[in-house]
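**Student:** One line per chain: the protein sequences are A and B, in this order. Counting in the working numbering, the first sequence runs from 27 upward without gaps. Counting in the working numbering, the second sequence runs from 73 upward without gaps.
No wet-lab data here; the hints were simulated from the structure. Treat the hints loosely; a few may be bogus.
SDA-like mimics (lysine to any residue), calculated; alpha carbons at most 20 Å apart, straight line [claimed, not checked]:
hint: 1; chain 1: B; residue 1: 121; chain 2: A; residue 2: 51
hint: 2; chain 1: B; residue 1: 204; chain 2: B; residue 2: 173
hint: 3; chain 1: A; residue 1: 77; chain 2: B; residue 2: 92
hint: 4; chain 1: B; residue 1: 121; chain 2: A; residue 2: 162
hint: 5; chain 1: B; residue 1: 175; chain 2: A; residue 2: 67
hint: 6; chain 1: B; residue 1: 121; chain 2: A; residue 2: 131
hint: 7; chain 1: B; residue 1: 129; chain 2: A; residue 2: 131
hint: 8; chain 1: B; residue 1: 129; chain 2: A; residue 2: 117
hint: 9; chain 1: A; residue 1: 175; chain 2: B; residue 2: 127
hint: 10; chain 1: B; residue 1: 204; chain 2: A; residue 2: 117
hint: 11; chain 1: B; residue 1: 121; chain 2: A; residue 2: 114
hint: 12; chain 1: B; residue 1: 129; chain 2: A; residue 2: 174
hint: 13; chain 1: B; residue 1: 121; chain 2: A; residue 2: 47
hint: 14; chain 1: B; residue 1: 129; chain 2: A; residue 2: 52
hint: 15; chain 1: A; residue 1: 77; chain 2: B; residue 2: 94
hint: 16; chain 1: A; residue 1: 77; chain 2: B; residue 2: 173
hint: 17; chain 1: B; residue 1: 121; chain 2: A; residue 2: 46
hint: 18; chain 1: A; residue 1: 77; chain 2: B; residue 2: 121
hint: 19; chain 1: B; residue 1: 129; chain 2: A; residue 2: 53
hint: 20; chain 1: A; residue 1: 162; chain 2: B; residue 2: 154
hint: 21; chain 1: B; residue 1: 129; chain 2: A; residue 2: 78
hint: 22; chain 1: A; residue 1: 67; chain 2: A; residue 2: 143
hint: 23; chain 1: A; residue 1: 175; chain 2: B; residue 2: 154
hint: 24; chain 1: B; residue 1: 121; chain 2: A; residue 2: 67
hint: 25; chain 1: B; residue 1: 129; chain 2: A; residue 2: 48
hint: 26; chain 1: A; residue 1: 77; chain 2: B; residue 2: 102
hint: 27; chain 1: B; residue 1: 129; chain 2: A; residue 2: 86
hint: 28; chain 1: B; residue 1: 204; chain 2: A; residue 2: 120
hint: 29; chain 1: B; residue 1: 185; chain 2: B; residue 2: 204
hint: 30; chain 1: A; residue 1: 175; chain 2: B; residue 2: 185
hint: 31; chain 1: A; residue 1: 175; chain 2: B; residue 2: 170
hint: 32; chain 1: B; residue 1: 121; chain 2: A; residue 2: 61
hint: 33; chain 1: B; residue 1: 175; chain 2: A; residue 2: 52
hint: 34; chain 1: A; residue 1: 131; chain 2: B; residue 2: 96
hint: 35; chain 1: B; residue 1: 175; chain 2: A; residue 2: 57
hint: 36; chain 1: B; residue 1: 121; chain 2: A; residue 2: 143
hint: 37; chain 1: B; residue 1: 129; chain 2: A; residue 2: 75
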Amino acid sequence: MSDDAASSPAPWEVMNENIDMISGGIPWGRRMAFRFTRIEKGHVWGLQPWKERLVGDPDTGVIHGGVLTAFLDNLCGTAASSALPKPRFVATLDLRLDYMRPADKGRDIIGEAECYHVTRNICFTRAWAYHENRDKVIATAAGAFAINKPRSVDSMRTM
Amino acid sequence: MANDMDTTEQTRADEVRAFIARTPLAQEMGLRCEVMGDEMTMIMPYQEKLIGNFMIKAIHGGAIAAFLELTSQAQVFLVTEHLERPPRPINLTIDYLRQGHAKDLYARAEITKMGRRMCSVRAEAWQDERAKPVTTLMAHFMVSGD
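The shape of chain B in the complex, shown without the other chains (with noise of 0.2 Å):
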């Protein structure tokens, strides 16, 4: 029963990781993940093309909204069974706190309540303090399949 299990999570874990290995943008935007279980931090390596201000060498903000939207459609599709693919984002909303620096990024996506069509996601990115994000995202996808 135990190996099962596994072999399931497994499968879904690699499909998460396929996902971003498949997807242009994400790998555009040099993304990687790391999922352990039901969790998942993806990380996006600083790169000079992600600069959206050169003066005060700055990640673009459309860039770390980017990231944290793949980051929320990966998360979903991690822990939700059923999806046959990433789920398509309804509309979202973004906080940018703080300056992106010229380093690597990471994020975490939360589900705060699946749904039988939608479900809610709130997800941050953060660079030297998990406790200072840099940008903070709210999103609703639908999860009810195609």
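Looking at chain A on its own, in the form it has when it is part of the complex (with noise of 0.2 Å):
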């Protein structure tokens, strides 16, 4: 039993395997069309496209922010997840967007999200949207996340 649980692999693993699965899932997801490119223990790199329906502003055709929170709270919910050592849904408390410099018409915005600290209850997260590099970011992003409870058969049965 407990090698199998010491060879049992870290929810981030998991997630990184199934990647795909993981923005496909969600209806508002795939809307928007951004998927996750990579997962590592509380860090997770992805992608949101330039999509015409996602224009906030039809003169200059740049994405609206609210693509970008979005995105970047989905990245920082994944990378709460990620950084815990068994698998847990994650709800996000708050989130704060600091909008730098607008997105290019047309371009790829990449995301990047960490998770740099975990209490027994939260998540605590940051995350940059960028064309291409940190240097030079269109925003950031801090999110606090609650951590939900696994809930025990017991749990259940008096409800």
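Two chains, two frames, a set of hints: combine them into the complex.
**Tutor:** Structure (structure tokens):
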């Protein structure tokens, strides 16, 4: 038994193996068309393609800030889950976005998120969105996530 | 005189409606706004594509955040006469208070401080009860024009 536990893969390893399923299973994620590209323990990367339907300013063709919010929210949440030793769902408590410069029309946006601290109940994360590298960011984010408690069979019986 | 004022307000309300109608993301999300003078309610009718979690049929938090951001932008645009286009956001903070269920969402935004260059806005989205907001937003926008 203990051997099995020791050899069972960490959540981030399972997530990285099933990376395409993570964004593919969410309807709004599919409409936004973003995907995760790499998952390590507490650190994830993703890609948000430019899409006409996501434009926030028809005069410039720049993607709406709300798209970046949803993208970085998802990246932060995934970074939080990937930092945990056991599989758990996390829920966004709050998220702060700072918009540094508009994204370029027609260009993919790269996103990167890390979970830099974990307590018993909360994961603290931060994220960046950019075209080339972190030195020239489009937006940054900081988010706190509540770690959902696993439900035991007993707790379900009392509901 | 009264007629002049009515015409001005009507025009700005029309501009706000036009902003929603010609912004691709707002259309993708199916947004609709009801303008009453300087007040406005934004409505996001429920659609399956807005779901973020299939198991609990909850609306995606990111979609609600975008909804609140568009609501705030529209509200600032509505009451700031010198703006030629909807304002650009500087930053925002979102608090997720409750789950967004598979039904329509409503939102209103309020300007807490209008400055010469920037303004502060609070917005909230609710479903059944206004007193039980699903998500709230606090944001800053540039209002100094382009």
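**Student:** Quick one, are residue 175 of chain A and residue 154 of chain B close enough, alpha carbons at most 20 Å?
**Tutor:** violated, 51 Å
**Student:** Residue 129 of chain B and residue 75 of chain A: Cα distance at most 20 Å?
**Tutor:** It is violated: about 26 Å lies between the C-alpha atoms, which goes past 20 Å.
**Student:** Mind checking the alpha carbons of residue 121 of chain B and residue 143 of chain A for me, to see if they're no more than 20 Å apart?
**Tutor:** violated, 33 Å
**Student:** Would you check the hint for residue 129 of chain B and residue 117 of chain A, treating anything up to 20 Å between C-alpha atoms as holding?
**Tutor:** This hinted pair holds, its Cα atoms lying about 14 Å apart.
**Student:** Can the restraint linking residue 162 of chain A and residue 154 of chain B be considered satisfied, given a maximum Cα separation of 20 Å?
**Tutor:** violated, 31 Å
**Student:** Regarding the pair residue 175 of chain A and residue 185 of chain B, is the alpha-carbon distance no greater than 20 Å?
**Tutor:** Since the Cα atoms of residue 175 of chain A and residue 185 of chain B sit roughly 40 Å apart, the hinted pair is violated (cutoff 20 Å).
**Student:** Do the alpha carbons of residue 129 of chain B and residue 86 of chain A lie within 20 Å of each other, as the hint requires?
**Tutor:** violated, 35 Å
**Student:** Does residue 121 of chain B pair with residue 131 of chain A here, judged by a C-alpha cut-off of 20 Å?
**Tutor:** With a Cα-Cα distance of about 24 Å, the restraint between residue 121 of chain B and residue 131 of chain A is violated, given a limit of 20 Å.
**Student:** Mind checking the alpha carbons of residue 77 of chain A and residue 92 of chain B for me, to see if they're no more than 20 Å apart?
**Tutor:** holds, 18 Å
**Student:** Taking only the CA atoms, is the gap from residue 121 of chain B to residue 47 of chain A under or equal to 20 Å?
**Tutor:** holds, 17 Å
**Student:** Keeping to a limit of 20 Å between CA atoms, is the pair of residue 175 of chain A and residue 127 of chain B held or broken?
**Tutor:** At roughly 16 Å apart (the allowed maximum being 20 Å), residue 127 of chain B and residue 175 of chain A satisfy the hint.
**Student:** For the pair supplied as a hint, residue 77 of chain A and residue 173 of chain B, confirm whether the alpha-carbon distance does not exceed 20 Å.
**Tutor:** violated, 27 Å
In this structure, the earlier hints numbered 4, 5, 6, 7, 11, 16, 20, 21, 23, 24, 27, 29, 30, 36, 37 are contradicted, and the remaining ones agree with it.
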